[in-house]
Amino acid sequence: DVKVTQSSRYLVKRTGEKVFLECVQDMDHENMFWYRQDPGLGLRLIYFSYDVKMKEKGDIPEGYSVSREKKERFSLILESTSTNQTSMYLCASRFSSAEAFFGQGTRLTVV
Amino acid sequence: GQQLNQSPQSMFIQEGEDVSMNCTSSSIFNTWLWYKQDPGEGPVLLIALYKAGELTSNGRLTAQFGITRKDSFLNISASIPSDVGIYFCAGHPHRTSGSRLTFGEGTQLTVNP
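The listed protein sequences derive, respectively, from chains A and B.
So for the first sequence, our numbering puts the first residue at 1; every next one is plus one.
So for the second sequence, our numbering puts the first residue at 1001; every next one is plus one.
It should be emphasised that the hints constitute simulated quantities derived from the structure, not laboratory data.
You may find that some hints are simply not true.
As the list claims (entries may be wrong) - Among chain A residues calculated to face chain B with C-beta under 7 Å, some are:
1) S8
2) Y10
3) F20
4) E22
5) L43
6) S96
7) A100
8) G103
Stated by the list, open to error - Computed Cβ-Cβ distance ranges for the label pairs, DEER-style:
9) B:D1018 x A:K53: 47 to 55 Å
10) B:D1018 x A:V52: 42 to 50 Å
11) A:F95 x B:P1081: 30 to 38 Å
12) B:G1040 x A:G63: 20 to 28 Å
13) B:E1041 x A:K18: 25 to 33 Å
14) B:R1060 x A:G63: 37 to 45 Å
15) B:I1028 x A:M27: 26 to 34 Å
16) A:R73 x B:E1015: 40 to 48 Å
What you are looking at is a predicted structure, and each value in this text was computed from that prediction instead of being measured.
All C-beta atoms, glycine included, are put in the ideal place defined by N, C-alpha and C.
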């Protein structure tokens, strides 16, 4: 079975703190993605990566950065959290032209 | 980014009823995917479709890749309480470079026992 694992299920952070969300996949997928999910807004793409050290901005990259130093790992970085970044964060991976597999999600609350 | 039009937005049904939902796009898609998301969890892939006209089943679920390549349908037969959740369609637009998928906004399904 494909496995996409996110490092945390729940996080509570104070405004201004730095946050790392880590995602690891075990299927040698070249493409990895970070989404955020908010009620009524669906899944919105933050950043994606199609190879090691490569990254592309998605639809809502402001306030986020990413890192992909190894093929299996894709990290989402929130340099200075704000309350409007409270959300469900979802990582996914896929081969090109194939189905995507999601992690279990990280519920981030910024207070 | 481009969005798929997914309908209905929500459904309230009785256990045992059949369910139908669909996604449409103004452009052609090469791939259609259907996911289910339980509360507090990540989406789980239900069915993947790769050919126009393809009809694929997974237990009580059946999905079809529309002939025009601009739509897809998901049917759930004889619903049960554990079918509750959000169902998403997703696809890869034709002649779109890169690997990103386009998602529908989801159908929230509630099943009353």
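Checked hints:
| no. | hint | result |
| --- | --- | --- |
| 1 | S8 | 13 Å, violated |
| 2 | Y10 | 9 Å, violated |
| 3 | F20 | 19 Å, violated |
| 4 | E22 | 15 Å, violated |
| 5 | L43 | 5 Å, holds |
| 6 | S96 | 5 Å, holds |
| 7 | A100 | 6 Å, holds |
| 8 | G103 | 5 Å, holds |
| 9 | B:D1018 x A:K53: 47 to 55 Å | 49 Å, holds |
| 10 | B:D1018 x A:V52: 42 to 50 Å | 46 Å, holds |
| 11 | A:F95 x B:P1081: 30 to 38 Å | 35 Å, holds |
| 12 | B:G1040 x A:G63: 20 to 28 Å | 24 Å, holds |
| 13 | B:E1041 x A:K18: 25 to 33 Å | 26 Å, holds |
| 14 | B:R1060 x A:G63: 37 to 45 Å | 42 Å, holds |
| 15 | B:I1028 x A:M27: 26 to 34 Å | 28 Å, holds |
| 16 | A:R73 x B:E1015: 40 to 48 Å | 43 Å, holds |
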